[in-house]
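Trainee: The numbering of the sequence shown is numbering that gives the first Met the number 0, which starts it at 0 and goes up by one.
These are calculated hints, taken from the structure and not from any lab test.
A virtual CB, placed ideally from N, CA and C, is assigned to each residue, including glycine.
Some clues are possibly wrong.
[Claimed, not checked] DEER-style ranges, computed between Cβ atoms:
#, residue 1, residue 2, range
1, Gly382, Leu407, 14 to 22 angstroms
2, Arg92, Asp13, 49 to 57 angstroms
3, Asp325, Arg133, 54 to 62 angstroms
4, Arg488, Arg37, 41 to 49 angstroms
5, Ala595, Gly82, 16 to 24 angstroms
6, Pro590, Pro442, 24 to 32 angstroms
7, Gly82, Asp491, 52 to 60 angstroms
[As the list claims (entries may be wrong)] Below are the EDC-like pairs computed for lysine to aspartate or glutamate, each with C-alpha atoms no more than 16 angstroms apart in a straight line:
#, residue 1, residue 2
8, Lys612, Asp467
9, Lys306, Glu600
10, Lys612, Glu600
11, Lys336, Glu514
12, Lys409, Asp467
13, Lys306, Asp292
14, Lys336, Asp518
15, Lys268, Asp64
16, Lys336, Glu461
17, Lys336, Asp460
18, Lys409, Asp466
19, Lys612, Asp466
20, Lys268, Asp334
21, Lys268, Glu281
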Amino acid sequence: MPILPSITGPRDLDRLSPEQLAELAAEIRTFLVENVARTGGHLGPNLGVVELTIALHRVFSSPEDPIIFDTGHQSYVHKLLTGRQDFSQLRSRGGLAGYPQRSESAHDVVESSHASSSLSWADGVSRALTATGRGDRHVVAVVGDGALTGGMTWEALNNISDDNDRNLVIVVNDNGRSYAPTIGGMSRYLNRVRTAAAYRDLHRKSDRVFRAFGPFGRALFRGVRGGTHGFLSRFTNNVALYSNLDIKYLGPVDGHDLPALLETLQLAKDFGAPVIVHVITEKGRGYQPALDDEADQFHSVGRIDPKTGGALGKSSGRSWTSVFADALVDVGGRDEKVIAMTAAMLRPTGLAPFAERYPHRVYDVGIAEQHAVASSAGLAFGGLHPVVAIYATFMNRAFDQVLMDVALHKAGVTFVLDRAGVTGPDGPSHHGIWDLAMLQLVPGIRIAAPRDAARLQEVLDEAVAVDDAPTVIRYPKGSVPDDIPAVERLADGVDVLSRDETEDVLLVGIGPFTELALDVAARLRAQGIGATVIDPRWAIPVQPSILELAARHRLVITLEDGIRVGGVGTRVRQVLREAGIDTAVDELGVPDEFIAHASREQVLQDAGLTAAKIAQDVVAQVLGKRVPMARQTGETGAIELPIHHRS
Numbered sequence: 000m001p002i003l004p005s006i007t008g009p010r011d012l013d014r015l016s017p018e019q020l021a022e023l024a025a026e027i028r029t030f031l032v033e034n035v036a037r038t039g040g041h042l043g044p045n046l047g048v049v050e051l052t053i054a055l056h057r058v059f060s061s062p063e064d065p066i067i068f069d070t071g072h073q074s075y076v077h078k079l080l081t082g083r084q085d086f087s088q089l090r091s092r093g094g095l096a097g098y099p100q101r102s103e104s105a106h107d108v109v110e111s112s113h114a115s116s117s118l119s120w121a122d123g124v125s126r127a128l129t130a131t132g133r134g135d136r137h138v139v140a141v142v143g144d145g146a147l148t149g150g151m152t153w154e155a156l157n158n159i160s161d162d163n164d165r166n167l168v169i170v171v172n173d174n175g176r177s178y179a180p181t182i183g184g185m186s187r188y189l190n191r192v193r194t195a196a197a198y199r200d201l202h203r204k205s206d207r208v209f210r211a212f213g214p215f216g217r218a219l220f221r222g223v224r225g226g227t228h229g230f231l232s233r234f235t236n237n238v239a240l241y242s243n244l245d246i247k248y249l250g251p252v253d254g255h256d257l258p259a260l261l262e263t264l265q266l267a268k269d270f271g272a273p274v275i276v277h278v279i280t281e282k283g284r285g286y287q288p289a290l291d292d293e294a295d296q297f298h299s300v301g302r303i304d305p306k307t308g309g310a311l312g313k314s315s316g317r318s319w320t321s322v323f324a325d326a327l328v329d330v331g332g333r334d335e336k337v338i339a340m341t342a343a344m345l346r347p348t349g350l351a352p353f354a355e356r357y358p359h360r361v362y363d364v365g366i367a368e369q370h371a372v373a374s375s376a377g378l379a380f381g382g383l384h385p386v387v388a389i390y391a392t393f394m395n396r397a398f399d400q401v402l403m404d405v406a407l408h409k410a411g412v413t414f415v416l417d418r419a420g421v422t423g424p425d426g427p428s429h430h431g432i433w434d435l436a437m438l439q440l441v442p443g444i445r446i447a448a449p450r451d452a453a454r455l456q457e458v459l460d461e462a463v464a465v466d467d468a469p470t471v472i473r474y475p476k477g478s479v480p481d482d483i484p485a486v487e488r489l490a491d492g493v494d495v496l497s498r499d500e501t502e503d504v505l506l507v508g509i510g511p512f513t514e515l516a517l518d519v520a521a522r523l524r525a526q527g528i529g530a531t532v533i534d535p536r537w538a539i540p541v542q543p544s545i546l547e548l549a550a551r552h553r554l555v556i557t558l559e560d561g562i563r564v565g566g567v568g569t570r571v572r573q574v575l576r577e578a579g580i581d582t583a584v585d586e587l588g589v590p591d592e593f594i595a596h597a598s599r600e601q602v603l604q605d606a607g608l609t610a611a612k613i614a615q616d617v618v619a620q621v622l623g624k625r626v627p628m629a630r631q632t633g634e635t636g637a638i639e640l641p642i643h644h645r646s
């Protein structure tokens, strides 16, 4: 009889024998492959933490003992063991989130799922428990080894080691990978620990000797192993990683050996002070297609055939990422000063082809976006032009470095933001909807949003030619649409995509929203309302021709795939007012709220960003029945721009 359906909460694990726990682990792996294959999601990381998660919930008492995942993509097994076994709508509206979510369960603590923050959370939670008389409870942070490349983990460790009177357990889930193989000095250290033959042999021989003496011998072995870690690591030609932190170290432990995990975690629980448990796991464990995937061992998959691992229903169109990848190789071939930089996401951001062609011109700094951006300023100072490729949502972390290290020093750095705008199933922490509002605050910055593949190549060429200011190129997740030709390119680079004889409404489409603008224009035309559709290409700064066009129209509508508060539309309205142009502006975009996981189409419909809804509202505005109302016919005309707006 299957065991998994009987698990409604962590305490159901207490009644299971060691043999039953092993059976449960096998059932969970089968469940994950079958269910994630239907919906897509983070498969490889969760296959690797099955035994570890079972052991954590057996030893600790969640939610009284909070368990924090860094990052939350490794929480699927945690969801299963805390009563959430309906994965039929995983990452879809109404179904389970792909990351921890407090509204789902009291067992979920941290939702953000941006790497390297868990130890800061654990530090704060454990201090609060101690300060409020609940110091007998434990806090557990499960840290993927890739997260250790982020500086926040070391800031937190510094503070944790300064206050050792609390129950805090740090589990390092060491599988040698984040999205792809983990890089950097930290990774090299952990790799040596994992692979050093002398360490493994000494560990196995000692284990056999001490276990021969029964329970007393096993307890002695555990104590000796922890106490002599510094000697052992030096014996294998390593520097003890945690030797100066004054934190107890246990490990390395086989992350798929349940008895060893249970013993080690119990020892950590009983220690009464911060403990680091080093657990070695295998990403994709138990599923051969994942193990055979050298790129990322099925870190994140779409719908797949569970038997073969082959992709199902894959889009036939080219992705934005692949278009950028080819464009960067082309640019790099023409300009040897162009180098590429990423934060542990070489393949996801499209830098792999560039790395294959120019291996000495690519820098992967690990999950350390702040360092990547500040380092890029130094590279620019040294005469290179860095192209820093990051997911839009992760760019939030490096705002200060963009402002104070790059822009203040007038460094020629190009930031390429993948997955910009509404991304859909990964939920609030992974929508890339803040970059337009956030980055346009930076003095001198230039932000481009290409509408198609041809424009992406175009703006990349233009961006790397800028050597005295930061430039940004953003594009969404998914497939690139067919090229949308312009009917005219204005002197300042703005593209006119369509126009009518009557200049009633000016539609400013940002990036891929130009398709939406063209659809709206066609609907307005059918209602007898003339519309002009433009693509600024470079959304920031606002170009002079947009002011001139706005002055000739009765109403301006801006459309952007980002939050409307402080977005491009807000900037257009402000610049118009500065120029003395009183044309009404309606700024359409995503609401300034945390948007739950759902399809992109569902999110945009909720926000009213459909052609039918926008056209309906614009008709009402032109008729004077909805604010902001269009100006009356005859109130428009040419303007004399102030000097600071003239090209």
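Trainee: Hint numbers the structure violates, sorted upward?
Mentor: Violated hints (numbers, rising): 2, 8, 9, 11, 14, 19, 20 and 21; every other hint is consistent with the structure.
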